[in-house]
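All chains, please: the whole structure from these sequences, using the hints.
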Amino acid sequence: MSYEFKNFHWARDIRIDNYLMPRTLDEALDFLEKHQGKAQVIAGGTDVISQLRHRDLEVDALVDITRLPDMDGIRQDGEMITLGACVTHAQTALSPLVREKAAILAKGAGSLGSPQIRNIATVAGNLVSGHPAADTSIPLLALNASVLIASREGQRVVPLTEFFLDKGRTAIDCRREILIQIKFPAMQGNQGSCHLRLSKRQSLTIAILVMAAVVKVDPQKKIIQEAAIAMGPVAPTPFRALQTEALLAGAAVCKETIERAAESAYAEANPIDSAIWGSAQYKREMVKVFVRRGLENALIEAEALVD
Amino acid sequence: MQKVGLSCKVNGKKVDLEIQPDTMLVDLLRDTLRLTGTKEGCREGECGACTVLLDGLAVNSCLIPALKAQGKSVVTIEGLAKAEGQLDNLQQHFVAEGAVQCGFCTPGMILNAKSLLDRIPDPDDKEIRYAISGVLCRCTGYQKIVHAIKAASHDKQQIPQG
Amino acid sequence: MKAPPDLLLREHSMNEKNDEKKKVATLTKERVDLQKLSKILSGGLSVAGQSAVRTDARRKVTGTQRYGADYAQDGFLHGKILRSPHPHALIKSINSDKARALPGVVAVLTAKDIPGRNGFGAIIPDQPVICEDKVRFVGDGVALVAAETEKAAQAALGLIEVDYEPLPAVFDPREALKKDAPRIHEKGNLLSQNKLRKGDVDKGFDQAEVILERTYQVPFLDHAYLEPDICMAVPQQDGIMLVEGPMQAPFTVRRNINAVLGVPVNRVRVRQIPMGGGFGGKEDSPIDLGCRAAVLAYRTGRPVRMSLAREEVALQTCKRHPMIMKVKIGAKKDGSLVAFQGVIYDEQGAYASLGPIIPPAGGSHIHSMIMMAGPYEIPNVHVDAYLVYTNHPYGGAMRGFGAPQVHIAHEQILDELALQLGMSPLDIRRKNGFRKGSATATGQVLDQSVGLQDSLEACAKRFDWDRKYKNRGYVDEQRTKRRGLGVGMGWYRTSIGTAGDACGANVHVHEDGSVLLFTGITEMGQGAYTVLPQICAEELGVCLEDVRYVTPDTDMVPESGPTVGSRSTTLMGNAIILAARQVKESILEAASEILAVPADRLEARAAKIFDREAPERGITFKAAAAKCMATGKRLIGQGWWAPPTPSLDPETGQGNPYFVYTYATHMAEVIVDVETGEVAITDYAAAFDVGKAINPKALEGQIEGGVAMGMGYALMEKIVTEAGYIQNLSLRNYLIPTALDVPEIKSVIVEVENKYGPYGAKGIGEMPNIPATPAILNAIADACGGRIRTLPADSESIFRAIQEAGGPPDK
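Residue numbers (my numbering), protein chains in the order written: chain A, 1 to 307; chain B, 1001 to 1162; chain C, 2001 to 2811.
These aren't lab readings, by the way, just hints derived from the structure by calculation.
You can trust all of the hints, since none of them are fake.
Straight-line distance between alpha carbons at most 25 Å, and here's what the computed SDA-like set of lysine to any residue pairs gives: (1) K1003(B) / L57(A); (2) K34(A) / S151(A); (3) K2151(C) / V1004(B); (4) K2608(C) / A2596(C); (5) K288(A) / D2810(C); (6) K221(A) / Q243(A); (7) K2481(C) / E2744(C); (8) K167(A) / N2728(C); (9) K38(A) / M1001(B); (10) K2622(C) / L2516(C); (11) K1126(B) / L97(A); (12) K222(A) / Q191(A); (13) K1150(B) / D2683(C).
Sample of chain C residues at the chain B side, in silico, Cβ under 10 Å: (14) D2056; (15) V2061; (16) Y2071; (17) M2275; (18) R2310; (19) E2523; (20) N2695; (21) M2709; (22) P2737; (23) P2743.
Per label pair, the in silico range of CB-to-CB distance: (24) E263(A) / P1121(B): 44 to 54 Å; (25) L57(A) / K2178(C): 40 to 50 Å; (26) E263(A) / G2188(C): 49 to 59 Å; (27) P1121(B) / D307(A): 28 to 38 Å; (28) L94(A) / T2682(C): 20 to 30 Å.
Predicted model, so just to flag it, every value in this text is computed and none were measured.
Quick reminder that beta carbons are idealized off the backbone N, C-alpha and C, glycines included.
Okay, structure coming up:
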């Protein structure tokens, strides 16, 4: 086990030469290009500043995108809900639109950190962190969200199922690209959802396990047409339990289905031991409990089960 | 490193400075402006002792580059009372209820409470605890702080007292 | 079993020498009429006993209260410490040339630069100011840097080249006791071995009808005070070294710094700055920073400011001692306890700090041994306690000083015993708990102020135990959440238990009736700056706002010992009363002359002095003070108070180590999610016998805060180490309870007068967090059947414990 100087001697400063505040997307991309990979995007900053102080991140300049226009809106266009890249966790958690049409996202956003962190940290920033249990990544993954990324080369859409590459690594290169929008379908009448979070205390804590489930039932409310189950940290990235979802597709709404799904998720999950946040086996056991409870609650919400 | 201009409002007063771009808001307030009521407890947004109001929103100033305050308004604990020598409603009730022990978390608590009462004038206990859930206190067990905020919310007069 | 007569508390009496002009009371340790200190005048208390608003609250809510880091940094050099990255290693060589050459760096010091003793420590100075030949824990200091800016100092640290030869290290006290274990200090790894022998424990177990044996393990805990440590050393013009900062023990800091600088005690001046929390941690962390800052200031001739980042606080300052406790308890079928056998492996860590004994009974280790059998009458007790060095960060004082750990053991095993005997957990405590006249495990007869049973009954009533007890069980149809109750009883000392434990106070009255109060007791949030002036004002007969408390400065206040051991209100309160009485004699004499009424008919109250028999006849305190000034009467009072001499036999652990104890009972109601192991505390009550509450509201605040701290110990706090490296240095991953975790706490103040305390008071600071941990653990076991013997009881531990118990309860 090798430990570096920075593990025993803690700095206060963040060591950057420039803090840039572009007014347009073009200007922002320009700044990034000029710095040739030595500058990085910052939005709320709660992750980036901490990384800089810990010397886990070293850059010459930060490019603050919070003054760019059209980045802080939450709106519904047709069936899709759009979040601008600078929408904060607080705005998301309190948004009547999100609470009604994407409850698991409101709940997930509302459980991150603390009120002060939520007032400034952006949902986009949370996605970009690539943390396997990032509080908005999990519900957005279950909601089949996608992100819009802008760069000098143009704009591209990346579904979240392809966005998370490895622990702390995502499909975006924040030294060249800017995530500008998050989009996902609003929940419909024949859908139900549930968000569950296990943590060591009730605030200011990362999750031991977080799970978001979305189910879609048939008009008679007897069959599960579709299910999305996202959770973390049970893999290096935020995780969709695809095998469990396949099992649920077309399954009857009943206790046996739920039990089978819980067992399947238990087998699919692959968490690791953490000396601080819990053993792999415990997390696996909790996956079973959460998927069971999550599906029950989601089906109750979809009115396919009675409370 | 080249200095950059920062223009903002702190406690209602206009501030125009040339600062190093890597200056954090907590240091601007404490070291440059000598407003030491804002405390530094952990420097990573985990304790809330550095809470200030940025355009009315409670934020951890230790994680905020000072330049983010460009064109914005910052309120610290020193800016709460309406006049010199007076106490704001929350401040009064913190004193009266015994909600202050070592006092290190107190500015952070009061500012988060202010942010709450500005949005929800009559919060219940759960909402109060939620609002202060981002400030750690090792002394009080939070109870008298919750009582003080409740009392402040019920104080219909809310007249600043000396 | 009766204690030998010479160990019983002696009756004390006042010795008064008659002086022609004035009555001067001479105090000797054997002859102080302690009874009068607790007496309250017929008119009742007017200042003490009131929930007075804290004198510093206004400053704190406006942000004008200055803490150490709030003082201007202009003119100060920034000091930093180069730390060892190895838990145990030899230092082969150190080269600081590159660091010295860095612009802005003023000094880089190594061990040879220490002018005096290269060692500091609260009890044994075994920690090098700068390590010379070896390092003993990750974070041990290897060099010191002073630079013009913090950035330059930090950069300089990175340029110092140290060649280490790692040594095998040891991280478990039981391993460290083995013959072939790596030797951490010259004299070996066993720092202290202590024995308690009462009665005949083997015979006791023979008589027992039920015997239980259990092992408990508790981890390192961090104080997590909100204010990180900081210290400033400022060389004075006359060559004096002034050191100031947040600290609980200015005199201990001073006596370390003078030795390190190689100068007499009176050439060092130490000044306390009010703390943002201490909890025992700032008893010795300021010695560390103070000595280092002083050496840098000494060598550079310039002021040096040394502040720690939060992670550095966790890395280098002391912790609560981890322990492995083995307990064997024997009882009769009717629940009476007959035998208790305990073994404590007390992990000291790399340096002695506040662990070892200061005869007869100071030091956390001996305190653990004394407290281990709990507040119960047990005729046969046998305890072996081992205090052992390891290559871990070191244990110091943390709120309870060795008592919290052992309470976790005896309160849990007692509950298991009760369950086995079919007794309620309250009844077994009613049966065995101390009463007036009980003898402790050290053979001390508790002849006064024993409110343990009172606290039990008061708590049960407030908590509504009997009704709640019937309501335990599953709360939901799906049987996933189950409610349980738990009780935890505690006892705790007032005073440190050393022969030298004493307090001095000075009271100065001025010609306008305003008062200065000088003591060495420090403010860390507990309210000393309010409670001590309350006592002073009460005794003098003035108003609270007439008394200004002078911030402790070793140049100005009498040696008073540290602000620890829950001793401040009681010991210092007594000293203040004596000081106030001394100067009050002058005041009453002057008033007597003005009013032409004998002094013994006069009473002082609310800054007025009046004839008790004709209360409308009176003058102001101010007028009397002015008269004293005009007629040369003494306006200075000096008080010195020491508790009765403690005793503890080094072979048997028998004696009277502390002169009085406080008692408490806590009760918790929890709901455990039996599928996940999560715990919610749904109701909580705490009853505390404090003798007399000098400031009831402040006391409630201490209780509420203490419960939160005890809750953290039970449910979430643990310093995680791997091969000697702390894994959770930050508040992000060392978790203390937030406002959403702590329940509403119902406190009950019980007052069973302490004859030897101011107006009957006893100490209060530490007890509140002690019974909380076992009360919660007992409630969890009651709720889900899972017993947690290795802390913390986080959800995973509870989940496993339920599994080990064969699943959650049926009903």
